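Model the full assembly from the supplied sequences, consistent with the hints where possible.
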Amino acid sequence: MAFVKDKVTVKVNSNEFVWDPKNGLFTFDGAPALLFWDSAIELFLKTIEEVSGEVVSKTVYEATGYRMGHLVSSYYSGRRDLEQLLEEYSDIYRNAGWGNVKIAYYNFEEKRAVVQLTNSWEHRIFNNTDKETAGVLLPSHWAGVFTGLFEQKVWYKINKSQLDGNEYDEIEIFPSDVTPSRNIFELARQKETEHILELEQKVKERTEELSTLVKELSSPIIPVLKGILVVPLIGNFNEERVANFIERSLLGFSRQQGSYLLIDLTGVKGLDSYTMDGIQKLILSIRLVGGECFVVGISAEQAIMMSKTNIQLNNVHTFATLQQGVEFAIEQIGFEIKRKKAK
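The sequence shown finishes on residue 404 if you use our numbering, and the numbering steps up by one all the way, no holes.
These aren't lab readings, by the way, just hints derived from the structure by calculation.
Note that the structure is predicted; figures quoted are calculated from it, not measured.
There is no bait here: all hints are sound.
If you anchor each label on the Cβ, the simulated ranges turn out as follows:
#	residue 1	residue 2	range
1	A94	L260	44 to 50 Å
2	Q384	L260	45 to 51 Å
3	E259	D238	27 to 33 Å
4	L260	Q393	51 to 57 Å
In silico SDA-like pairs for lysine to any residue, Cα to Cα no more than 20 Å straight-line:
#	residue 1	residue 2
5	K214	E170
6	K287	G313
7	K218	T120
8	K369	D338
9	K330	A381
10	K119	I219
11	K68	L86
12	K214	D238
13	K163	L146
14	K401	L286
15	K218	I164
16	K214	V133
17	K221	R173
18	K218	V239
19	K287	F396
20	K287	S320
21	K172	T240
22	K330	T379
23	K221	G160
24	K214	V175
25	K399	E388
26	K163	E231
27	K218	S237
28	K287	L311
29	K221	E233
30	K163	E148
31	K221	V175
32	K72	F87
33	K218	F169
34	K214	E171
35	K342	E353
For each residue, glycine too, the CB sits at the ideal point set by N, CA and C.
Structure follows, in structure tokens:
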């Protein structure tokens, strides 16, 4: 150990560590570095998982490890003495407290390698947690290192893990189009797809709710007096609405033991074929259950439109206003409306 002014320099094999207490700096082979407790790194990784979730965190770890490895290999770009360089890598990681590294196999032509890690910081951290699968940060880190050394995209596969009781973590490196950037893109697309599906489901549920509400509000059965009911038509009709309109009207008429059903057209601006066909079918249906329909609220425009169609209202009472229809129905059931005498 040598003291240079206020600095402390330590040589470990070929690596040099320098502490500069005065300026609060620490360098590793001349490059600024940081020292962390394992517990601090564990807390850092746990926080990422808590915030981002397991799937997103895995992609973040892989991207971070890969880029770190690629950065390390860039420091040694242009060197072709790979055996010597790989030995230096092993010394660097071991001396920095990253655990023991053994390059069990490598082939520059095939762009393949096998790395064995023992007592790595990632294993030390996960070994003290409840994780059951090996970490991905260091395996992807070595994929980044060899991508730089082989000058070709490679990826990793974990063949063995110390968490499974093996003597070491074994990482196989091989040529692949998989990259952290592609993983991030796939993850983003997956999340986007999930979000779209969630929105589609919400839209579907909301549409069903609104459809039910429209059905309930578009043709309500309103009792006026005993035996007299009114069904106001609102908006335009299609085949589905016509069928629902007839069904709801018949059920309401039967349940309330109606005698007369007033079909009110006041809220209908125009009369299309679906609406007129629905009116005719409802009139016939009500007659089949022993009731009678009146058509009320007919405007001059609607009367003209009806005259130009095949709708059959010859035997149906029609009125210009709802009031006229109600008064007529009241007379039919034997009641009479009289003005109350003033006192």
